[in-house]
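Q: Residue numbers (numbering that gives the first Met the number 0), protein chains in the order written: chain A, 0 to 463; chain B, 0 to 364; chain C, 0 to 98.
Hint data in this document are derived by calculation from the structure and do not stem from the laboratory.
Wrong hints could be hidden among the right ones.
What the hints assert, rightly or not - Derived DSS-like pairs: lysine-lysine, alpha-carbon spacing no greater than 30 Å straight-line:
#, chain 1, residue 1, chain 2, residue 2
1, B, K264, A, K91
2, C, K2, A, K193
3, C, K66, B, K238
4, A, K60, C, K2
5, B, K196, A, K438
6, A, K124, C, K66
7, C, K2, A, K206
8, C, K2, A, K64
9, A, K91, B, K238
10, A, K101, B, K238
11, A, K209, A, K355
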Amino acid sequence: MIDDRYELLIIGAGPAGMAAACEAASHGIRVAVLDNQAAPGGQIYRNVDRATNRQNRVLGKDFVKGRSLVEQFKQSGGSYFPGATVWFLDEKRRVGVLIDDKSFFVDADKLLLAAGAQERPMPIKGWQLPGVMTAGAGQILLKSAGMVPNGRLVLAGSGPLLLLLAYQYLQAGVKIDALIDTTPRGAISRSLGKLFEALPAADYLLKGVKMMLAVRRAGIPIYHGVEGLSAIGEEKLEAVRFDTGKTGFKKVTDCELRADTLLLHQGVISNIRLPLAAGCEIEWDAGQKNWAVTNDEWGRSSNADIYVVGDGSRISGAEASALQGRLAGMHASHQLGKISDSKLEVLSGPVVKSRKRHLSIRPFLDSCYTPSPRYLVPGDDTLVCRCEEITAGEIRQAVRLGCTGPNQVKSFTRCGMGPCQGGQCGSTVSLIIAEQLDKPMAEIGCLRVRPPLSPITLGQLSEA
Amino acid sequence: MDQDCIVIGGGLVGSAVAYGLSGQNQKVAILDGGDRSFRASRGNFGLVWVQGKGWDYPPYAQWCLKAANLWPEFSRQLGEETGTDLCYRRNGGMHFCVNEAELEERRKILEQNALHTDGEFQYEMLDHAALAEKVPQISNAVVGASYSHLDGHVDPLSLLHALHQGINRQDVTYVPSQNVSEISGKDGEFRVVSNGKTRSAGKVVLCAGLGNQRLGEMVGMNIPVVVDRGQLMITERIKPFLDWPTLHVRQTGEGTVQIGDSHEKVGLDDGTDPAILQKIVQRAVLMFPFLARVRLVRAWGALRIMTPDGNPIYQQSETCPGAYAVTCHSGVTLAAIHAGTVAEWISGKNDDPLLSRFGTDRLHV
Amino acid sequence: MFKTIEEPAEGAVEILVEGVAHRVPANISVAAAALLCGLGSVRETPVSGAGRLPYCMMGVCFDCLMKINGQPNQRACQVTVAADMTVERQLGAAEYEDL
Ligand code: FES
Chain A
0 MIDDRYELLI IGAGPAGMAA ACEAASHGIR VAVLDNQAAP GGQIYRNVDR ATNRQNRVLG
60 KDFVKGRSLV EQFKQSGGSY FPGATVWFLD EKRRVGVLID DKSFFVDADK LLLAAGAQER
120 PMPIKGWQLP GVMTAGAGQI LLKSAGMVPN GRLVLAGSGP LLLLLAYQYL QAGVKIDALI
180 DTTPRGAISR SLGKLFEALP AADYLLKGVK MMLAVRRAGI PIYHGVEGLS AIGEEKLEAV
240 RFDTGKTGFK KVTDCELRAD TLLLHQGVIS NIRLPLAAGC EIEWDAGQKN WAVTNDEWGR
300 SSNADIYVVG DGSRISGAEA SALQGRLAGM HASHQLGKIS DSKLEVLSGP VVKSRKRHLS
360 IRPFLDSCYT PSPRYLVPGD DTLVCRCEEI TAGEIRQAVR LGCTGPNQVK SFTRCGMGPC
420 QGGQCGSTVS LIIAEQLDKP MAEIGCLRVR PPLSPITLGQ LSEA
Chain B
0 MDQDCIVIGG GLVGSAVAYG LSGQNQKVAI LDGGDRSFRA SRGNFGLVWV QGKGWDYPPY
60 AQWCLKAANL WPEFSRQLGE ETGTDLCYRR NGGMHFCVNE AELEERRKIL EQNALHTDGE
120 FQYEMLDHAA LAEKVPQISN AVVGASYSHL DGHVDPLSLL HALHQGINRQ DVTYVPSQNV
180 SEISGKDGEF RVVSNGKTRS AGKVVLCAGL GNQRLGEMVG MNIPVVVDRG QLMITERIKP
240 FLDWPTLHVR QTGEGTVQIG DSHEKVGLDD GTDPAILQKI VQRAVLMFPF LARVRLVRAW
300 GALRIMTPDG NPIYQQSETC PGAYAVTCHS GVTLAAIHAG TVAEWISGKN DDPLLSRFGT
360 DRLHV
Chain C
0 MFKTIEEPAE GAVEILVEGV AHRVPANISV AAAALLCGLG SVRETPVSGA GRLPYCMMGV
60 CFDCLMKING QPNQRACQVT VAADMTVERQ LGAAEYEDL
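Extracted from the complex, chain A is given alone in its bound form:
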């Protein structure tokens, strides 16, 4: 049973959350970890301790690597609550959590949020059609269910995950009918300057090159610099079309490819709903095109008792996230009086160094795969809010009436008012407004987060 107070309460059992829990528990802290999945691992190591040999071969070494952290986490001695969804959270570190359909309130001396990343929306025309999913969804199906697309498959977008998924599908023997690369032309050559900085993380680069070569060798038709991408179909996806692109040295225009499944991806963004609910400050990271949570070298947010770490604070990848989790776990243990100043220094030194190495690849990746503005800010007839079915045009109309931010736009249009509460459309809405008013994102702000942070029935709420 869950207690009503912990010294350190961690939300999220991905690399950052697991590592923080291991570290803090090793110093004798009373830790509890709440996670909404059925097993530890987060998105990156989802289902890692149950995956079959076949799945492991397809998913690769980087996936299997997660097993040791999961093992360590299971033995850490901290309390772990799988299937726990946090529906309430405030700046006083009061957490409302639903476990087995029952709601509990838990207080925490220190709170650590490690909610991970979510896929950056890629609002193209027709993205709501059945048959269109995120590449992340495709990978989750592979990891958790050993499932792969059946029928004509197109992968489209930009970013390392798209390449990784293509590679994994090839390992699984899946036929990919086309790979559509929307990375703006010239992004890679412009990023070469950042390559030097990335050298300490040369292993990442090599993996990337290996995957790229494999995809080329497989003979998958690849289209580069694609503009004007849309999904076409009446009741479901029938085709993918685009205005212009290049394959090899050949320019293609008005291209239409039949497709049953289209998997979209243009990078990931931090899931900031929990930090926002807890009143943590955020900042717009222009390089990552991401709302990042303001935190210090220990992962401490603007609220000194709340740590926000991992991809949920800023996109940094699994390894760097785990290391950041460790640092936060150490620091919390220090703050709670379990380790001395000097011990903190000794313990943290190597972790900081190793984290730095893993982070050195980021500027190159961010610059290489920076999403094209055309795919961040969609045209008027594209749906932005999938729940309330609000188009970019309707949002622009509200801005013309004088709305200056997403919260007013929401009042006027219902955009962000549906079941997902803006989790899916929020960042797009702010980007549209910023472009239209020609103002920086920091001035536009983001949708205000309110409870419930995950679904709860009125009955569950009233009996908490």
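Dock chains B and C with the ligand against the given chain A, drawing on the hints supplied.
A: Using the frame of chain A, we list chains B and C with the ligand on its own:
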């Protein structure tokens, strides 16, 4: 002179007044707050409500009835002009009572309402059986209800959107994200400074909710406001079950169920408090047990702007004539009368004797 | 539109999808099962009636809302299949039988 009239505040009150003023060929500008301002309009329950209002202050009872009677025409006109469906329906409203004492108290209150309006306000008291005939899902815990066919409801956000579309069509200048730092002058020559820019106008109307206290001082008015937090919840869309709006539970045109509302004295905090949410839900579930299985989509707090006696303030400054203040917490019910009678009063074309009963002098005795 | 790459490792369970019995791998989500069973859409939106399939598979988008064991508007990607579970498409707004 830049404008005939500058309206400060662009919520339900300010935009209704501006809509009315520009409808009378006044050249109007609205100076509004920003995206994250405290906005009472976002916390509105959407009731166009008469029953119980002003039971202890006859002018308010009369005023609300008048406003509600203006609504059908107001809604038709605004809807037609802007092509927006306000989801306005005047099909009567109910208030549920969970014990005999509540029912008796309710009856007494509504009796007063009828008395104050020379019987124009009409109502019925329904016992459980009569209520269950209209609302079959009502639980046995509800012993009865008051009902008045004069009540109605509307989508408050569609109303706000439509008012803004309306003022946009009428060429009202709308300036968002403003912070008014100075108002000076008098009738015919006001200067309003906001975000470092000065605008001149013949008249100034303060519709800034909470801000009216500070702004009022600039033009010699003492406008006492009390902040009152209400927490609200909205559920997933469900199939229609409740045709009538009530003070605690209302099913919207989209099918979501709005549940509220609390009265809390917590200052400038528009957050949520789970303990209070629980109380609100418990009452709703007591009335409609199936609601226990319905999913909550959002809970939020909004700040109501109350006057000390709960009745609106309509006041022209004595020392700076031409400056007006409009302060109230019933921005929806009164929208029709703000766009009509009140806008006419400000432009000097209406001298409804009721208006004189809403001056600040009643509060400063 | 999806298939499995191998026989399920941990056995299979039988669930009732739109009234038809299907054997699906244990431990997968209802959304995954719905895709495996070939449903053309898992819900019709209450706004326009358009059909949707799961989109994110990680609890963000709410496009996988289904009626599971009679409970409307459940995120199918967040629910694990269980023997004899009934899974139905969510058609428009939620309906409660005593409503
Ligand atoms: S598929 Fe997005 S929430 Fe389930």
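Q: All hints are to be evaluated individually against the structure, with a verdict given for each.
A: Hints, verified against the model:
Using a Cα cut-off of 30 Å, the hinted pair B/K264 and A/K91 holds, with the two alpha carbons roughly 19 Å apart. With a C-alpha separation of about 41 Å, the suggested pairing of C/K2 with A/K193 is violated against the 30 Å cut-off. Proximity of C/K66 to B/K238 is assessed by CA-CA distance (about 14 Å); at most 30 Å being required, the pair is judged to hold. About 23 Å separates the Cα atoms of A/K60 and C/K2, which keeps this hinted pair within 30 Å; it holds.
The straight-line distance between the Cα atoms of B/K196 and A/K438 is roughly 19 Å, inside the 30 Å bound, and the hint therefore holds. Taking the CA atoms of A/K124 and C/K66, the gap is near 28 Å; set against the 30 Å cutoff, the hint holds. For the suggested pair C/K2 and A/K206, the alpha carbons sit about 28 Å apart, so the restraint of at most 30 Å is met. Under the criterion of a C-alpha separation no larger than 30 Å, the hint pairing C/K2 with A/K64 is consistent with the structure, at around 26 Å.
With a C-alpha separation of about 37 Å, the suggested pair A/K91 and B/K238 falls outside the 30 Å cut-off, and the hint is violated. Proposed proximity of A/K101 and B/K238 is supported: the alpha carbons are some 26 Å apart, at most 30 Å. About 24 Å separates the Cα atoms of A/K209 and A/K355, which keeps this hinted pair within 30 Å; it holds.
In this structure, the hints that do not hold are numbers 2, 9, in rising order.
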